[in-house]
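A.B. asks: Line order of the protein sequences matches chains W, R, C and X. So in this note's numbering, spot 156 of the first sequence is number 156, and the numbers just go up one at a time. So in this note's numbering, spot 93 of the second sequence is number 93, and the numbers just go up one at a time. So in this note's numbering, spot 35 of the third sequence is number 35, and the numbers just go up one at a time. So in this note's numbering, spot 125 of the fourth sequence is number 125, and the numbers just go up one at a time.
Hints were generated in silico from the structure; no laboratory data involved. Treat the hints loosely; a few may be bogus.
Said to hold, decoys possible - In silico lysine-lysine, DSS-like type, Cα no more than 27 Å apart, as pairs:
1) C:K349 - W:K110
2) C:K24 - C:K144
3) W:K309 - W:K373
4) C:K24 - C:K337
5) X:K116 - C:K189
6) C:K144 - C:K90
7) W:K374 - W:K530
8) W:K31 - C:K349
9) C:K335 - C:K144
10) R:K111 - X:K89
11) C:K418 - C:K335
12) C:K90 - C:K337
13) W:K74 - W:K195
14) C:K335 - W:K27
15) X:K111 - C:K261
16) X:K164 - C:K22
17) R:K111 - C:K335
18) W:K566 - W:K309
19) C:K144 - X:K164
20) C:K418 - W:K110
21) W:K212 - W:K74
22) X:K111 - C:K189
23) W:K441 - W:K373
24) W:K27 - C:K349
25) W:K376 - W:K309
26) C:K418 - W:K113
27) C:K337 - R:K111
28) W:K27 - C:K418
Claimed, not checked - So, partial list: chain X residues that the calculated Cβ filter (under 8 Å) puts toward chain C:
29) D114
30) I115
31) T140
32) V143
33) L153
34) S154
35) A155
36) V160
Unchecked claim - Far from chain C, by Cβ distances over 10 Å, these chain W residues were calculated:
37) I17
38) I21
39) S30
40) A47
Computed from a prediction, not measured in an experiment: that's the story for all the values here. By construction, the Cβ of each residue, glycine as well, lies at the ideal position given by its N, Cα and C atoms.
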Amino acid sequence: MQNVLQIVYLIPLLPLIGFLINGLGRKHLSKSMISAVGCGSILISFALSIWVFLQVKGGNVHNAHYFDFISVGKLKIPFEFKIDQLSSLFLLIITGVGFLIHLYSTSYMKEEKNEHFGRYFSYLNLFIFSMLLLVMGGNFVVMFIGWEGVGLCSYLLIGFWFKKHEYNKAASKAFIMNRIGDLAFLIAIFWLITKLSTVSFDEVFTAANLAKLSTLDITVITMLLFVGATGKSAQIPLYTWLPDAMAGPTPVSALIHAATMVTAGIYMIARSNILYSLAPFPMDIIAYIGLATALLAATIALKQNDIKKVLAYSTVSQLGFMFLALGCGAYTAAVFHVMTHAFFKALLFLGSGSVIHAMGGEQDIRNMGGLSKKLKITFITFLIGCIAIAGIPPFSGFFSKDAILLSAFIKNPVLYGVALFAALLTAFYMFRLLFITFSGKFRGTHEQEHHLHESPPAMTIPLIVLAILAIIGGFVGIPEVFMTGGDKLGQFYLQLLLNTEHTVSPATEYMLMGLSTGLVIAMIIFAWFKFRNYQRSEATGFGKVLENKWYVDELYDAAIVKPIKKAGTFFSQVFDKKVIDGMVNGVGRLLQYGSRQLRLVQSGQVGNYILLMVISMVLIFVIQFFLRK
Amino acid sequence: MPINYYIFLSLALFCIGIVGVLTRRNAIIIFMCIELMLNAVNLLLVAFSKMHHNAALLAGDATTTAGTDGQLFVFFIMVVAAAEVSVGLAIIVMMYRNIHSVDVNFLNRLKH
Amino acid sequence: MNALILSAILGVILMFSGILLKQKAAIRNIAIAGMVLLLVVNVMEMYGTVFFKVNTHGMIVFDRFALLFTTIAFASTLLYLLLSARDMEKVGVNYAEYFTLIFFILCGITLTASFKSLLILFLGIEIISIPLYILTGSDKRNLKSNEASLKYFLLGAFSTGLMLMGIALIYGAIGTFDTTSINVFTEGKPSLLLVTGMLLLLFSMSFKVSAAPFHFWTPDVYDGAPTVFTSFMATIVKAAVFIGFIRLFDEAFGLLRPEWKLFVAIIVVATLFIGNITAVFQQSVKRMLAYSSIAQAGFMMMAVYAMNTDAKEGLLLYAVAYSFATIGIFAVLIKMKDYTFDGFNGFAKHQPLLAATTTIFLLSLAGIPLTAGFLSKFYMLKAALGAGNNLWLVIFAVVMAAVSVYYYFRVIQAMYFKEGDAQSIEVSRSFKLTLVVLAFLIILFGIYPDLILAHLYF
Amino acid sequence: MGITQILFWFLSIVAIFSALMVISSKNPVHSVLWLILTFFSISGHYILLNAQFLAIVNIIVYAGAIMVLFLFVIMLMNLNKETEPQKHKWLRIAGAVAGGCLLLVLVAALKDTDIKHQQALVNTGGIGLIKNLGKELFTTYVVPFEISSILFLSAMVGAVVIGKKE
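Between the sequences and the hints, there should be enough to build the whole structure, so can you do that?
C.D. replies: Here is the structure:
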């Protein structure tokens, strides 16, 4: 059955065709047709991806070479695909989760006008196409093409509801921040071209070629690639676009800003792991940036009241964990976390979409509460998602997060400590979200209460499927201490990813797992007591306060929660808005200022023009004849 | 005559033309200064033409026509200049019809 | 030679058609049919069929590079005429004369693409420039058009003076106008006269392609000229002059490269910087496009800087990518009444197809992958890298390309993400079809550039 | 100092002086007249260089046709008074300084060229005669010659487009 690898081009081609059909025919096709085309193309791609995956698992890797894109002199940049363990797994995630989200969207977006509905699906298909190009590309240029493509689609989809001005701004911001990263990526590509005159993965990562690169080259290239990754994967300092990107429709947030696009950075670094394994300094940087992002975003998430914002910051934080893993040389763990995160974060986003849908567009969790009775399926699946992200065994998040924490421990116990702390915060804010939303009393308006209903099957089925995946998804990477040969993923990637070797005794490993699990459960219980009967703070009567006033709680509050909350406030208000945003806006403003000043040179006067020309001529003559020797 | 004299003479005329372009405001005069620049070039070309001719003669080729191309180039420059003048004056007249001035400082609707 | 003679004949035919024919449609159809004929004849010459065998005494040589470029230029002009010929009616009463001038310009373009003698280069440039002065001023009652025309004329004549002085000095140094023999003469230490003349030619050619700091005429002239003609001169003409530029510096001054390399690098940096930065603050799309054309010229200048095989190929590709996209945008812009960015608000809702194709054109200009614009920029940067140790230049260019995204996307944003009562413009079915073809070609060449470049060798 | 030298210096001084007068006269008509004088002195140089054809063409085309056209336009616009307002003083100074610098730089650069000892042949040499030039023009240079007709055609069409009243 070699032949499926011969037709891998169909996998990206189908979404492209879907995009064309829906894009061109959006006025003429009915909604059901649009849905059928949109979902169908992804479904077939998914089927093919499974097939491809099985082939790859059977040991067949494949390089498909189609034609030369660019051939100048020695340099040839072919349009080629590379199908191996890494890309085939990403194919599964993208098409699988992508299909579920398409399915979900058919229901979620059905109130849109026909034309917008078609536009939405065509963008979504285009996005899948670009993302597939990104992961299937056999060289950095094809990858870059997909890389730009996803950025563009993200821009289009965030601005989908363009009637609101702020959405517009969010879209621009996402695009510009992404561009900053892309810039670094592009420069890295050019650097590679100068040094090696090739960009194909197969050729770059050969020993002979790597030997041609000096340490400085490798450091610069890996750093530039990493800057590229920070843009796409929302790391410090280029992360602020992601929370703002929540302006788009919720399924988009689930697909792009949780499951797929934001993991592109992880994919790229994992793909270049051979390069990174030669660059210890950038690895450290990656680890620290990842950890800092994980912690920062987690503290900010504590204070958010918009359901999607919490999830957005949580995504940033989880991406930080993945980068931490990359920085520790645990590429498999990072990819593993990408996979499990795709499951549970897509689940959480879609769940939040279901909630928002039920609440008639309300996103503020302070106006929710007690939804568990009305939205049973949503509640249960959301709960599963929260457990998974919090990392309680045997849910999927436990295994991947544990692998990351373990790798951090091996690199440096301090890293482990901070990472564990961030993981605890994760459990806390996720369950805060869960309890405020689903338990207690309903705090919305009567109208909303009346309107509450479980979502239709097209929305709940993806939730259920994702919930199942979120439960069992971790079993592909069971640690060796539990079960010999349980780490299927690790074996799968044995050849491809140069993971740093583990050297830790089983006892330590058990201890670490126990510690993290125990603390997480403690955090959840704490969140339960604190938020099960959440009231708006202004509505809190003195009695309520007393009732909740446990001695431990108070101590905890004073010693830990309050400072953390302060930090959360600080980070979200000052750091996020002022420093990071200020930096980005500052560049923009500088540009505008420069533009305004520079255009004054264009005075409209012929005499001035000629004068400037003559002066430049004189200067060039002086340089040529008197200064250059 | 030493060729340097001709080079300096025509550079001087050329730069006088440039100074004129830079210091005057009347479009017609600016245009005339440009014509002056072209004439400086013509003079230089003819001088060079004769210089190359001389060099070829000194090299012993008694029937040489070396340097002819330089003079023909001058001819072509005159052709182009004549065409340019007809168009240029037409444009200036059109401008004058509209704003009743040929002052280039009034050309400032288009800027920034 | 086919194209050179035929375009002159076509110019004359159209000149008379203005007197003989009263319907504008008939004139237009003659022009378009003539353009098709011109394209066909030129392609035939590319494949070996030469109708007119003229001994040019080595002054004009129609080699593959020249013929391929003229084919590109003619194809672009054909698309331009299909899209915008109708809009020339609005400019003034001399409808046939505009076509005449355009065909004469094509004659000049053929010359600048295939000269082997400085005399032909000079004549070519002048045959391009003089009709352009007129086309710029053809909207006679519009003061802006008047002003643009006069400015263009004065500055253009000034730069012609510089060019002639350069040619004269080169003649003084080596006694010939033949470009190939200039290269032969420059072995050893180059003569000071030659270097000075070369620099003067560098200035005047930079002027013609609107490279900084000789770009000042560009925004004013492009802004003031009737939009139909801005479209023509910002694209096809500019590309043609670039071809002349690269030919001149390759064939005549190739061995002098150490002398001019630094200055071309300075010009590239200045052009990219001024073009991109100044475009950011523009309020009018037309003026923004003028600055963007300066910025794009900066990229094309990199071909001159690099001066290798990649550069020549890349320049051809760039000419296609840039001309097609810009012609497309201008064709849409001509139909608008309001040229400000706000004029595009909500455009996507009223004219979804036009907005979509315009988006593709803008993406191509911004250099987003899968469009011809990306590949052509890539070629340019690659060529520059191949020319020596100058990663800084490439990095600067990439940064500037990123800045350019800002102002191109302002238009896309206005079209898609802003509410507005977009102007109701009426376009014919064939106009839309041509635009779609144009967009399709841009994407096609962005994926498979060999469709063009393969014609360069066989 | 032979008669040729004397003539050379005389013509050069007249040319430069009248060129300076072109750019400094306030009255445009005077400028035109000074420019014609410059052209005459340049024609004198041509004769000195035995380029008789160009000398005559220069007088007929430039002094005779082009300058008369200029004069005509100036008269038409009634610009013979001192109507031209002066530029800002510093702008004029800047212009003069820039032009002067250009001259200085160019002269300094070109004073030591490799051809500085060569002579331009004066009084003798037949290449400037109409016979030789005509032969060359219609054999080797026939293509550019024909091409220049396109230039004239476009200039003609252009003058009509621009000049014709609508």
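A.B. asks: Give a verdict on every hint.
C.D. replies: Results of checking the hints against the structure:
1. Distance check on the hinted pair: C:K349 and W:K110 sit about 20 Å apart at the alpha-carbon level, within 27 Å; holds.
2. Taken as a hint, the C:K24 and C:K144 pair is honoured in the structure, with Cα atoms around 26 Å apart against an allowance of 27 Å.
3. Pair hint W:K309 plus W:K373 holds up; C-alpha atoms about 24 Å apart against a cutoff of 27 Å.
4. The straight-line distance between the Cα atoms of C:K24 and C:K337 is roughly 23 Å, inside the 27 Å bound, and the hint therefore holds.
5. As the CA atoms of X:K116 and C:K189 are separated by approximately 16 Å, the hinted pair is consistent with the 27 Å bound.
6. Using a Cα cut-off of 27 Å, the hinted pair C:K144 and C:K90 holds, with the two alpha carbons roughly 16 Å apart.
7. As the CA atoms of W:K374 and W:K530 are separated by approximately 22 Å, the hinted pair is consistent with the 27 Å bound.
8. A distance of roughly 19 Å separates the Cα atoms of W:K31 and C:K349; the hinted pair therefore holds under the 27 Å criterion.
9. Only pairs whose Cα atoms come within 27 Å are accepted, and C:K335 paired with C:K144 is accepted, the gap being roughly 19 Å.
10. The hinted pair formed by R:K111 and X:K89 meets the criterion: a straight-line CA distance of about 22 Å does not exceed 27 Å.
11. Restraint check for C:K418 and C:K335: the C-alpha separation of about 20 Å stays at or below 27 Å, so the hint holds.
12. For the hint linking C:K90 to C:K337, the alpha-carbon distance of about 13 Å falls within 27 Å, and the restraint holds.
13. Restraint check for W:K74 and W:K195: the C-alpha separation of about 12 Å stays at or below 27 Å, so the hint holds.
14. Of the supplied pair hints, the one linking C:K335 and W:K27 holds, its CA atoms being roughly 24 Å apart against a limit of 27 Å.
15. Taking the CA atoms of X:K111 and C:K261, the gap is about 24 Å. The hint holds against a cut of 27 Å.
16. With a C-alpha separation of about 18 Å, the suggested pair X:K164 and C:K22 falls inside the 27 Å cut-off, and the hint holds.
17. Straight-line distance between C-alpha atoms of R:K111 and C:K335 comes to about 24 Å, which keeps the hinted pair within the 27 Å bound.
18. In summary, the hint linking W:K566 to W:K309 is supported, as the alpha carbons are separated by about 18 Å, within the 27 Å threshold.
19. Between C:K144 and X:K164 the CA atoms are separated by roughly 19 Å; this keeps the pair inside 27 Å, and the hint holds.
20. In summary, the hint linking C:K418 to W:K110 is supported, as the alpha carbons are separated by about 23 Å, within the 27 Å threshold.
21. Between W:K212 and W:K74 the CA atoms are separated by roughly 16 Å; this keeps the pair inside 27 Å, and the hint holds.
22. At most 27 Å may separate the alpha-carbon atoms for a hinted pair to count; X:K111 and C:K189 meet this at roughly 17 Å.
23. At roughly 10 Å between alpha-carbon atoms, W:K441 and W:K373 fall within 27 Å of each other, so this suggested pair holds.
24. Note on W:K27 and C:K349: the hinted pairing holds, with a Cα-Cα distance of about 12 Å set against a maximum of 27 Å.
25. The suggested pairing of W:K376 with W:K309 holds, with an alpha-carbon distance near 23 Å, which does not exceed 27 Å.
26. For the hint pairing C:K418 with W:K113, the CA-to-CA distance comes to about 18 Å; that is within 27 Å, so the pair holds.
27. As the CA atoms of C:K337 and R:K111 are separated by approximately 21 Å, the hinted pair is consistent with the 27 Å bound.
28. Our distance criterion of 27 Å between C-alpha atoms is met by W:K27 and C:K418, whose separation comes to about 20 Å.
29. With 8 Å as the threshold, the beta carbon of X:D114 comes within range of chain C, its nearest partner Cβ sitting at about 5 Å, so the hint holds.
30. Interface hint at X:I115: satisfied, since its Cβ lies 7 Å from the closest Cβ of chain C, which is below the 8 Å cut-off.
31. The closest approach between the C-beta of X:T140 and any C-beta of chain C is roughly 5 Å, which is under the 8 Å cut-off, so the hint is satisfied.
32. With a least beta-carbon distance of about 5 Å to chain C, the hint placing X:V143 at the interface is held under the 8 Å criterion.
33. Residue-level restraint check for X:L153 holds (minimum Cβ-Cβ distance to chain C is 7 Å; threshold 8 Å).
34. Interface hint at X:S154: satisfied, since its Cβ lies 4 Å from the closest Cβ of chain C, which is below the 8 Å cut-off.
35. Among the interface hints, the one on X:A155 holds; its C-beta lies about 6 Å from the nearest C-beta in chain C, closer than the 8 Å criterion.
36. The beta carbon of X:V160 is positioned within 8 Å of a beta carbon in chain C (closest approach about 7 Å), and the interface hint is therefore held.
37. Every CB of chain C lies more than 10 Å from the CB of W:I17, the least distance being 15 Å, so the non-interface label holds.
38. Non-interface status of W:I21 relative to chain C is upheld: no Cβ of that chain comes within 10 Å, the nearest being about 15 Å off.
39. At roughly 18 Å from the closest C-beta of chain C, the C-beta of W:S30 stays outside 10 Å, upholding its exclusion from the interface.
40. For W:A47, the shortest C-beta to C-beta distance to chain C comes to about 26 Å, beyond the 10 Å cut-off, and the non-interface label holds.
Figure legend: structure checked against the earlier numbered hints; every hint is met.
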